[in-house]
Amino acid sequence: SQKIEQNSEALNIQEGKTATLTCNYTNYSPAYLQWYRQDPGRGPVFLLLIRENEKEKRKERLKVTFDTTLKQSLFHITASQPADSATYLCALEAGYALNFGKGTSLLVTP
Amino acid sequence: DAEITQSPRHKITETGRQVTLACHQTWNHNNMFWYRQDLGHGLRLIHYSYGVQDTNKGEVSDGYSVSRSNTEDLPLTLESAASSQTSVYFCASSESTPAGDTQYFGPGTRLTVL
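First to last, the sequence lines map onto chains A and B. Just so we're aligned: the first sequence equals residues 1 to 110 in our numbering. Just so we're aligned: the second sequence equals residues 1 to 114 in our numbering.
Don't read these hints as lab results, they were simulated from the structure.
27 Å max Cα-Cα, derived DSS-like pairs, lysine-lysine:
1) A/LYS63 to A/LYS3
2) A/LYS102 to A/LYS59
3) A/LYS102 to B/LYS11
4) B/LYS57 to A/LYS3
5) A/LYS71 to A/LYS59
6) B/LYS11 to B/LYS57
7) B/LYS57 to A/LYS102
8) A/LYS57 to A/LYS71
Some, not all, of what chain B presents toward chain A, calculated at C-beta under 10 Å:
9) ASN30
10) GLN37
11) TYR50
12) GLY58
13) CYS91
14) GLY106
The structure presented is a predicted model; accordingly, all values stated were derived computationally and were not measured. The beta carbon of each residue, even a glycine, is placed where N, CA and C say it ideally should be.
Next comes chain B alone, as it looks inside the complex (with noise of 0.2 Å):
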């Protein structure tokens, strides 16, 4: 069965180090997206890719970046992780149809800077 993963699914870092969190998913879905949330704001959308080599900043961009090489990965980078990137990341994909699109979720990754 076609799926997305996250990994890892817990993180704890130091403020000022680098974090990747991977994302991969095998419904060969061309849209890809990063997404956090915290109490009192829901989903926010962080980065978004609509395809191999293309990526756009969503809502609350600062601080992370994406890279899109393939179909399925689409890893989030914080450059230098800070006390207020704690939080709970999702990943979601998609395939756009005229009918709308649907979002596949990720399980997550908990993330907690120190």
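The shape of chain A in the complex, shown without the other chains (with noise of 0.2 Å):
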């Protein structure tokens, strides 16, 4: 079955610095991963969208990678902030439906 893992422990770091979140997964080939965003309380909300046929993509602070072969993709913030700071899940396409990971939480501390 479809597997999605996310770095199950949060990630602290300084602000500055770069984060970078990973996203692995099995038996599956997605056309497209997305990443969001989700704050305590609060539904989750769309960053970044990469195709399959997309290696990199970028949105401001926010940079994104799609390694097919390796099925991985890496989520990076540079130039972190502590506004930063919240849960990041990713997604891979399932038909018209999303297959969400767990999520990891982000903590920049100033």
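Mind assembling these two chains? They're in different frames, but the hints should get you there.
Pasting the structure below:
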């Protein structure tokens, strides 16, 4: 069955550094992959989508890579800020639906 | 501005009672989804709909039902609430495009079954 793995442990980094979050998947070949941000008590919010034929996608301080051979996506936040502290979810295409990973909690300290 | 709303935001009920959670979107999206989110499990798909009169079971559909009578609404019903259904429930909607389907989530409903 399809399996999506994200770092289960929280990631703590210092303000200004680059945060890198990992999403690995098995038994699946999604046409695209998405990253969402979720703040406590709120619903997830879409950040970026990357298709299987794209190696990299950028949006402001965010960068996503997608390696279909390794079955892995990396999500980078450069020049991180305390306001970036949240849980980040990766989601893989499953027809019109999405399969979500459990998320990685990011804490950026001043 | 288009939005997706859920009501109630918090609900406490007793085991065995029927509960209905409302979801309303003004995006005019064809696709709507219900998820539950629990610690250690992440978001799990309960039911989804690709249009009016269409409903499909997701990964954890037992004990839940949905109906889609119009584009805007997808109510989720717990026929006989159980303590295992205590969770945070999220509704989402999306429109299918060639580039991919981005989902827009509601604020969630926290349900406690005593």
